[in-house]
Amino acid sequence: MKTVNQRAWFFVLPVLLLVAFNALVPMMTVVNYSVQETFGDNLFFWEGLRWFEQILTSERFHAALGRQFLFTGIILLIEIPLGIIIALSMPRKGFWVPVCLVTMALPMLIPWNVVGAMWNIFTLPRLGLAGYFLNEIVGINYNMTQSPLAAWITIIVMDVWHWTSLVVLLCYAGLVSIPDAYYQAAKIDGASNWSVFRYIQLPKMKTVLTIAILLRFMDSFNIYTEPFVLTGGGPGNSTTLLSIDLVKIALGQFDLGPAAAMSLIYFAITLLVSWLFYTLMTREDDK
Amino acid sequence: MKPRYLIPILYIAFLMLPIYWLVAMSFKTTNEILSGFSLFPQTFTLENYRVIFTTPSWYWGYINSIIYVSINTVISIAVALPAAYAFSRYRFLGDKHLFFWLLTNRMAPAAVFALPFFQLYSATGLFDTHIAVALAHCLFNIPLAVWILEGFMSGVPKELDETAYVDGYSFPRFFTTIFLPTIKAGVGVAAFFCFMFSWVELLLAKTLTAVNAKPIAAEMTKTASSAGYELGLLAAAGTLTIIPGAIVIYFVRNYIAKGFALGRV
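In order, the protein sequences belong to chains A and B.
Heads up, the first sequence is in the working numbering, so the first residue is 1 and it goes up one at a time.
Heads up, the second sequence is in the working numbering, so the first residue is 1001 and it goes up one at a time.
Treat the hints as calculated values from the structure; they're not laboratory data.
Nothing here was measured: the structure is a model prediction, and the numbers come from that model.
Treat the hints with care, since some could be wrong.
If you want a taste of the chain B side facing chain A, the calculated C-beta under 7 Å gives, among others [said to hold, decoys possible]:
(1) TRP1021
(2) PHE1044
(3) PRO1109
All C-beta atoms, glycine included, are put in the ideal place defined by N, C-alpha and C.
In isolation and in its complexed conformation, chain A is listed as follows:
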């Protein structure tokens, strides 16, 4: 049981000040912009909730949001099961364990725009390894800059390449914490592989899996750099995810009001979904 100690606030004060400086001031700036119209020169006009209405009813926002949910949904459906399968089939001890862990973690340590650039080089139709293989050897007409489908498949494969390891490492951490006695007991009972997975491994992985889903949701929902470098949101608008659209409106067209309103709506959606996960997680902890 934790002791009640109000002086503990002094311990969290530095964190509070640093994060507040970075979070509250910019957030207030965004809120300011979201209810005003500006023509530069520090002239502001009160607009009320007009920008929010405009964004919430705009087809462009709906389309970007739809693409964003589609992208996040697809990558979660691929990365979570794939991560579990890989974690289950990894060796548990011996020389190969650190080798696996280090090589698997490597993609996550590459700067995000380098990931985009790397996949661009990798998939160039005539010059890249994957592009050459698909076009010249398999004989599919694969060109990301012309076909929206090819662009979508590429950004999804890229994200699977980039982040599946996070799920693998989390699940693996859960798996190695299961004592051998559990497996021996299951063996004596004559349990099938499936029931070992269903009744021993899956429950043990529950916490880490929740963290994995939460982190993958947050990060994929906020993804910007990799698809921007790889496709630039194209061809057309086919891979313009929420962040890309937001930056286009804010820095491309300099429509600060609508961009700020969109930021707040965007943040609220991320927060809402993440909060659902968080309450699920802490409810498990309390039991």
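With the hints as your guide, set chain B onto chain A.
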């Protein structure tokens, strides 16, 4: 060899293919790259690397990145340690709300903050300094460090603290000579994650710098667009950005699985 090992082997092969291609490209001449497909570099050249190591804007990109990443890691860990201790040991007014609020900053899309950050750091006169990027990255690294350290600290029984106080240790002495060594794996893992997320982030780093503190990643986007399409140079610069990550990951390899679980297994 068990047949199930085929799955991780195939997966690792899939991970290594694009990296191999990047490295192979970096040893090719521009002519070779543009003239057609070759699986291995035919005319092996170090020219791309020579350009990077002799051009100040290139190698300063690396130095800048390493400077702000290091500053950020030190700040994040230094302030996160006492906070994580408070969260793991005490109950206080608003503790749960504060913890959740910290985590929400990890959820904020960087794109939302790009412009306000630019204005905030211009107004405070920090624009284009290493400190600006280091402080900006605290937004998502401090909550993460607190989260990880709190996980590791909660794994240490409270009796350790109580015994030390009974033995007459003062809090600072207990914290530095007994508690820190106990959770040093956690500190290593937290530092690793701060390094990682500061190293890979580009949007904010690019927004907050112009010349003096420009990160390597931003230097690369410039090359891709302005100086024609120098794929070999781009590949060499990309290859070099992988190396610091590979080095730090080696040091935490035994804790990495636990670390990714944020100390919660």
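Structure-based check of all given hints:
Proximity of TRP1021/B to chain A holds as hinted, the smallest CB-CB distance being about 5 Å (cut-off 7 Å). At its closest, the beta carbon of PHE1044/B sits 18 Å from a beta carbon of chain A; the interface hint therefore is violated under the 7 Å criterion. Here the hint on PRO1109/B is kept, as its CB sits about 4 Å from the closest CB of chain A, short of 7 Å.
When held up to the earlier numbered hints, the structure conflicts with hint 2 and nothing else.
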